[in-house]
Amino acid sequence: MFGRKQLDVIIIICGSYPDQPAIFIQQYLEQIFAGFTSPRLHLVAYDCRNPEVNQLLAQLATIKNDFIYHCYLTENESAVYTSDEIARLLKEINDAQVSVKH
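According to the working numbering, the sequence shown is numbered sequentially starting from 1.
Any given hint could turn out to be false.
Said to hold, decoys possible - Simulated crosslink set (SDA-like; lysine to any residue; CA at most 25 Å straight-line):
1) 64 / 20
2) 64 / 19
3) 64 / 22
4) 91 / 67
5) 64 / 13
6) 64 / 90
7) 64 / 29
8) 91 / 44
Derived by calculation from the structure, the hints in this document are not laboratory data.
Start from the sequences, fold in the hints, and give me the full structure.
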């Protein structure tokens with residue numbers, strides 16, 4: 001499907017809104033990855049000041065459990081906390097703190 005060699009990861013980096021409607025992109029990704037365990041997608045919002053792009057990439061990352069959303073903004077360091085990996089780490093830390101208290 002993706003060539004002779006099997007890909008492990010595809011990284012999509014966006015700094016502005018795509019030229020296609022979000023629903024078309026989402027439907028396309030759902031169709032192309034249906035039934036496949038790889039490649040995984042890493043969706044990166046890189047220094048994008050348009051919140052709609054960040055929302056779109058975060059939404060696309062929910063198509064499959066192993067897709068990951070990353071966010072980086074030079075002007076807003078707190079935006080990194082919307083990234084999936086950071087959110088998972090914070091949840092793990094919180095769960096560990098709750099376990100220690102009991």
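Hint by hint, here is what the structure shows:
| no. | hint | result |
| --- | --- | --- |
| 1 | 64 / 20 | 21 Å, holds |
| 2 | 64 / 19 | 23 Å, holds |
| 3 | 64 / 22 | 17 Å, holds |
| 4 | 91 / 67 | 18 Å, holds |
| 5 | 64 / 13 | 18 Å, holds |
| 6 | 64 / 90 | 21 Å, holds |
| 7 | 64 / 29 | 10 Å, holds |
| 8 | 91 / 44 | 21 Å, holds |
The structure agrees with every numbered hint stated previously.
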